[in-house]
Amino acid sequence: MNNRRNFLSGAGAITGTLAAASVSKVAMAALPEPVLQTTPNTMPPLMPSSGRPYNPVVTLNGWTLPWRMNNGVKEFHLVAEPVVREMAPGFKANLWGYNGQSPGPTIEVVEGDRVRIFVTNKLPEHTSVHWHGQRLPNGMDGVTGLTQPAIRPGKTFVYEFVARRPGTFMYHPHADEMVQMAMGMMGFWVTHPKTRHPLIEEVNRDFVFLLNAYDVEPGSATPKIMTMLDFNLWSWNSRIFPGIDSLNVRLNDKVRIRMGNLTMTNHPMHLHGHEFLVTGTDGGPTPKTTRQYEVTTDVAVGQMRQIEFLADEEGDWAFHCHKSHHTMNAMGHDVPTMIGVDHKDVTKQIADLVPDYMVMGERGMADMGEMEMPLPDNTARMMSGEGPFGSVEMGGMFSVVKVRKDQKAGDYSNPGWFKHPKGTVAYELDGPVPEGPRQQGAGAAAMPVQNMPAKNIEVQVRKPGAGHAGH
Amino acid sequence: MKPAFRLSALAAVVLTLTGCASVSIDDALKETNARSEPFTQGKVELSRTKAQRDQRAALTNELLSRPLTQSDAVQVALANSPSLQALIAQSAVNLALANQVGRLPNPILSFERVRLNDELELGRLLSFGLVDILLLPQRLGLSRSQAEQAKIQLTGVVIDQVTQVKQAWVRAVAAQQALSYAEQVNRSAQASAQLARRMQLVGNFSKLQRARQQVFYADATTDLALALHAVTATREDLVRILGLDEAQATRLTLPARLPDLPKAPRDPQEVSKTAAQQRLDVQLARSQLDLVGRAQGFNLLGTFIDVEVGARRDTVFDNAEGTQSTGRGFELDIRLPLFDWGGARRDLFSAQTLAAANRYDATVRGASSQLREGYSAYRTSYDVARHYRDEIVPLRQAIADENMLRYNGMFIGVFELLAEARAQVTSVRRAIDAQHQFWLADASLAAAVIGRPGGAVPAMASGAAPAPAAAAAGAAH
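Chains as they are written, first to last, in numbering that gives the first Met the number 0: chain A, 0 to 470; chain B, 0 to 476.
Same shape as in the complex, but just chain A:
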């Protein structure tokens, strides 16, 4: 349900949650009424109804913040507050965000707009907002202590500057930064070009999302804020697969995807079935001479990347981070490798002590995707997602670009699974398997090896089909 209430269309009572805030109503009266979002679904683009026209973006599992015009100034109201974000169906996290969700709403403006942003702090600690990548007066840069005092709980600060440069930006706190980012304080910012720009192409679909990561103990709901690198949930806009919506486009649409990385590691983003160009970074549009076709582009920590491609191949195309553990949800890092270990008879012995015990991992981890076994409350499965041909066995930073001939322009709804033309799906061979060519013997080493182990260690390889059908 989308209960976004545009403050321009009709006055209304401030929502209950906000009314309870410690922010004085008198002070609030002069501000644009804050707009809240209660669902994590992808909202349709917000067509500009005032100000300069532009072609709006779609925030994956997110929304765009409405504004009001006040004497030619675009006024936005961000409320920093604790939120409950559904990261995947059945799994909710206690995060900090803006206006009801984490990440906060996308702010869309047009090059040259004068922008005034009211930031109300309803967090239990002070905050600030840094406008990542913007050209602005130093005092508007939002670094607590350096360029401004902290916004204390209950206080509202005003930021005002001109969006000078078209491009892809972010906003995030610059106060108790590690904690507040670990709790999900961030948002997207798009400055559209005022007029046609030689390096910025018109596109049919423009998607945006932030790469972020959390460390939530399975069965709990609040991220561990002290985690530095060993995160266990890899998300786009605080959603994890299978909670991430698909990117639905029409055949031959020109598609732009803008991604910002606020995790603590890089993400090689990989698109199947198409080549794309990196057309923009935090610095703005890239010169055409630097552009090269890729299927994977690395988005480093704190960077923005803008990729563009022509969606000219129909189908359901995977789109994901190529670090394979980033396409997994929470999992144990110390779980031993059980591959090839026959423990059929030991199972009975273990089940004597642990009655619900079942063998897993003997053939790999795919069991995990297939078996529907109960998990701790409020926990996302490590890998799951039911596709048309079975379990997709994915989690984390994974989604699908759906290219359809009959997807209407401006329609962002999910068209369902792709119907493959006859003879275009990989099939099982019916008949004897031909002997494949094999390389015999290893190549010569470049240098003679010294200090080898005393004897050759024989590594046993177990292959499927050795009588494990019973599992």
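Hints are computed from structural coordinates only; laboratory data are not their basis. From the three backbone atoms N, C-alpha and C, an ideal C-beta is built for every residue, glycine too. Be aware that a few hints might be false.
[Said to hold, decoys possible] Under 7 Å between C-beta atoms, here's a sample of chain A residues computed to sit facing chain B:
#, residue
1, LEU145
2, ALA149
3, THR155
4, VAL157
5, MET330
6, GLY331
7, HIS342
8, VAL353
9, MET372
10, PRO373
11, PRO375
12, MET381
13, GLY409
[What the hints assert, rightly or not] Every beta carbon over 12 Å from chain A, so not counted as near; a handful from chain B, in silico:
#, residue
14, LYS42
15, GLN152
16, ASN203
[Unchecked claim] With a straight-line cut-off of 25 Å between C-alpha atoms, the simulated SDA-like cross-links for lysine to any residue are:
#, chain 1, residue 1, chain 2, residue 2
17, A, LYS418, A, HIS273
18, A, LYS253, A, GLU201
19, B, LYS206, A, LYS418
20, A, LYS223, B, ILE398
21, A, LYS421, A, ARG403
22, A, LYS91, B, GLU245
23, A, LYS343, B, GLN189
24, B, LYS272, B, ARG358
25, A, LYS287, A, GLU201
26, A, LYS347, B, ASP218
27, A, LYS223, B, ASP400
28, A, LYS347, B, GLY128
29, A, LYS347, B, ALA224
30, B, LYS272, B, GLN369
31, A, LYS287, A, TYR53
We have chain A; now place chain B onto it with these hints.
Showing chain B alone in chain A's frame:
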């Protein structure tokens, strides 16, 4: 009235009195049964005939035909234990000795035959200690006191025995229960060792990782052996205290588990209501004080007033003259208290009385203190056992359930799962230990209430159950 008649009349009275005073072992057992009813259900007796012995053997056999409950164990001990019979017989000895005190020394008949020329003199003297007779009431009182003391001691012996039986039973059952858990730990360790071996075999584990699992199994095997021995040791202890022969011992089976905790602990009011005055140890001390008091007058008097009185009848036959003459008279032997007026004795006796009186006071004061301590031990062990049952074990179960879910999600592996299972087993075993401690304390409190605080009051602080040393092993991993 002729003196002879008077003497015989006196003798008749004395005989009657002394006859009344004697207490039989059967009476004493009856009293013991009444006193220790909650312990023995009135089943203590001394088997003297073959018929009695056969009857008891039959009862024992019947009780041994099913898993032996705690109260059955007590009945078996009462019916079957030769050492208990020996203790009862020993009490019979004490009673007989006490009865002996109430008997008068037999009168002495001296007969003299003196021939001088033609004269033959036959002298007959029937004499007895006058003091003995005069002090007969005291003597009877003394005898009764001693008999009373013997009876109290008998009751105490029976209660001690019963308490020991109860505690030995608790230990044996607890050891058996602990064994089944040691077996579970061992199975878990075996499973992980087995799995680790195969993991190494296919190259997923290093030698080190495998050795870690293997060493746990090795330790668990030691613990299992110790648990097995604990079962034998506690069982044999029970066998000894029940006095089972080899054939009976092989038929002894025990229930698989200790009884559940009672719904509520015994009320402290109910325990303290058993007035310290009624406790056996207090009774025994009072009776000892009484005894010293009685014996004092009696013994003191006896030492320096010793009057032998006798009737003499001398007949002289003069063969020469053919006459016969009879001389009658009485004799009185009096010990003269010239050198010993009994001062030293008096000191001795008053010192003994003082000692007895103070012992009595100490016993009374100690009794209520012991009762409080016994109740505290009982109550603590009850609360701890209940805490294990209601808090710790359910928490462990919840942890186990949650771990199972984490295993499902591949957040933890099978070895962590097994380690948790072992931790759970360990806490269950501690719960059994707590229950074990409770039942020991229960038996001990029951004995303390009746006044035999000798039973081992388990020390909660050390938590030193005679359980196999395995307990800590699981936690260490």
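Hint-by-hint comparison with the structure:
1. LEU145: Check failed: Cβ of LEU145 of chain A comes no nearer than 41 Å to chain B, outside 7 Å.
2. ALA149: Violated: closest Cβ of chain B sits about 38 Å from ALA149 of chain A, beyond 7 Å.
3. THR155: THR155 of chain A check fails; min Cβ-Cβ to chain B is 42 Å, beyond 7 Å.
4. VAL157: Result: violated, 46 Å to nearest chain B Cβ.
5. MET330: With a minimum Cβ separation of about 5 Å from chain B (threshold 7 Å), the hint on MET330 of chain A holds.
6. GLY331: holds, 4 Å
7. HIS342: Holds, because the Cβ-Cβ distance from HIS342 of chain A to chain B comes to roughly 5 Å (cut-off 7 Å).
8. VAL353: Holds, about 5 Å.
9. MET372: Since chain B brings a Cβ to about 4 Å from MET372 of chain A, closer than 7 Å, the hint holds.
10. PRO373: holds, 6 Å
11. PRO375: holds, 4 Å
12. MET381: holds, 5 Å
13. GLY409: This hint is violated: GLY409 of chain A lies away from chain B, its Cβ roughly 40 Å from the closest one there, beyond 7 Å.
14. LYS42: Holds: least Cβ distance 43 Å, greater than 12 Å.
15. GLN152: It holds; GLN152 of chain B is separated from chain A by about 53 Å at its closest Cβ, greater than 12 Å.
16. ASN203: The assertion about ASN203 of chain B is violated, with a minimum of 5 Å to chain A.
17. A:LYS418 - A:HIS273: It holds: about 19 Å lies between the C-alpha atoms, which stays within 25 Å.
18. A:LYS253 - A:GLU201: Satisfied, since the Cα-Cα distance of roughly 8 Å is no more than 25 Å.
19. B:LYS206 - A:LYS418: violated, 52 Å
20. A:LYS223 - B:ILE398: holds, 21 Å
21. A:LYS421 - A:ARG403: holds, 16 Å
22. A:LYS91 - B:GLU245: violated, 68 Å
23. A:LYS343 - B:GLN189: Holds, because 14 Å separates the two Cα atoms, which is no more than 25 Å.
24. B:LYS272 - B:ARG358: Answer holds: LYS272 of chain B to ARG358 of chain B is near 23 Å, not above 25 Å.
25. A:LYS287 - A:GLU201: Measuring from Cα to Cα gives roughly 15 Å; hence the hint holds.
26. A:LYS347 - B:ASP218: holds, 22 Å
27. A:LYS223 - B:ASP400: holds, 23 Å
28. A:LYS347 - B:GLY128: violated, 90 Å
29. A:LYS347 - B:ALA224: Given pair LYS347 of chain A, ALA224 of chain B holds - Cα atoms ~23 Å apart, limit 25 Å.
30. B:LYS272 - B:GLN369: This hinted pair holds, its Cα atoms lying about 14 Å apart.
31. A:LYS287 - A:TYR53: holds, 23 Å
The structure is inconsistent with the numbered hints 1, 2, 3, 4, 13, 16, 19, 22, 28, although it conforms to all the rest.
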